[in-house]
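**Q** Sequence:
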Amino acid sequence: FSLEQIDCICSALIQKQDYSTLDQFLQSHYSSSNVWKNVSEEVLKAKATLAYHQQHFRKLFEILTCKTFHHSSHNYLQHLWYQAHYAEAQRIRGRPLGAVDKYRLRKKYPLPKTIWDGEETVYCFKEKSRHTLKVSFKNNRYPSLEEKKFLTKKTGLTLTQVSNWFKNRRQRNK
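Mapping to our numbering: the sequence shown position 51 is 51, numbers consecutive.
No lab work stands behind these hints, which were simulated from the structure alone.
Given the structure is predicted, the values throughout are model-derived calculations rather than measurements.
Glycine included, C-beta positions come from ideal geometry on N, C-alpha and C.
One or more hints might be untrue.
Restraint-style ranges between C-beta atoms, simulated for each label pair [as the list claims (entries may be wrong)]:
#, residue 1, residue 2, range
1, 21, 103, 31 to 39 Å
2, 95, 153, 17 to 25 Å
3, 137, 114, 28 to 36 Å
Pairs of lysine-lysine, DSBU-like flavour, derived with a Cα cap of 35 Å [said to hold, decoys possible]:
#, residue 1, residue 2
4, 167, 128
5, 107, 138
6, 153, 174
7, 108, 67
8, 167, 138
9, 149, 174
10, 59, 16
11, 128, 148
12, 107, 67
Using the sequences and the accompanying hints, generate a full structural model.
**A** Below, the structure is given as structure tokens:
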């Protein structure tokens with residue numbers, strides 16, 4: 001297989017959630033488990049996914065911190081990072097975690113720079129998006145649909161999120 005084909009197969013098996021086939025495929029192509037520096041991002045993502053599903057959390061954390069991943073993979077890998085920490089803590093404590101427990105774990109184990117752009121997120125809004133919305137609000141408290149669509153492209157938020165942000169902001173400023 002070419003490197004592109006291997007990436008495509010890994011991606012398809014992750015999407016299909018066929019972890020046993022993914023494991024066999026990776027073992028047949030990458031016998032050494034510690035050779036992570038010279039493989040593609042998609043293969044690393046596949047190895048991280050397997051480590052998570054096999055509950056090899058230390059291996060998962062090592063993979064996620066060994067190389068900077070492309071922004072498009074961040075959400076998925078961040079999800080793995082947090083879920084692994086939650087599962088590990090839940091196993092140690094012997095009980096399900098509550099919202100406060102999860103919050104404390106997120107603070108105790110912040111995302112590594114390899115899977116995070118470093119920008120703080122508050123209530124699902126990144127600081128840059130929040131700033132863009134505030135500037136727009138100063139100029140116009142009632143943006144048109146076109147202006148809202150422009151803001152969705154600029155901030156990466158949905159039209160509903162932008163509309164709700166403006167409505168909530170107007171309510172708070174009364």
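**Q** Are the hints correct? Go through all of them and say.
**A** These are the hints, each one checked on the structure:
no. : hint                  : in the structure
1   : 21 x 103: 31 to 39 Å  : holds, 36 Å
2   : 95 x 153: 17 to 25 Å  : violated, 44 Å
3   : 137 x 114: 28 to 36 Å : holds, 34 Å
4   : 167 x 128             : holds, 19 Å
5   : 107 x 138             : holds, 33 Å
6   : 153 x 174             : holds, 28 Å
7   : 108 x 67              : holds, 21 Å
8   : 167 x 138             : holds, 14 Å
9   : 149 x 174             : holds, 25 Å
10  : 59 x 16               : holds, 22 Å
11  : 128 x 148             : holds, 16 Å
12  : 107 x 67              : holds, 22 Å
In terms of the numbered hints stated before, the structure departs from hint 2 and from no other.
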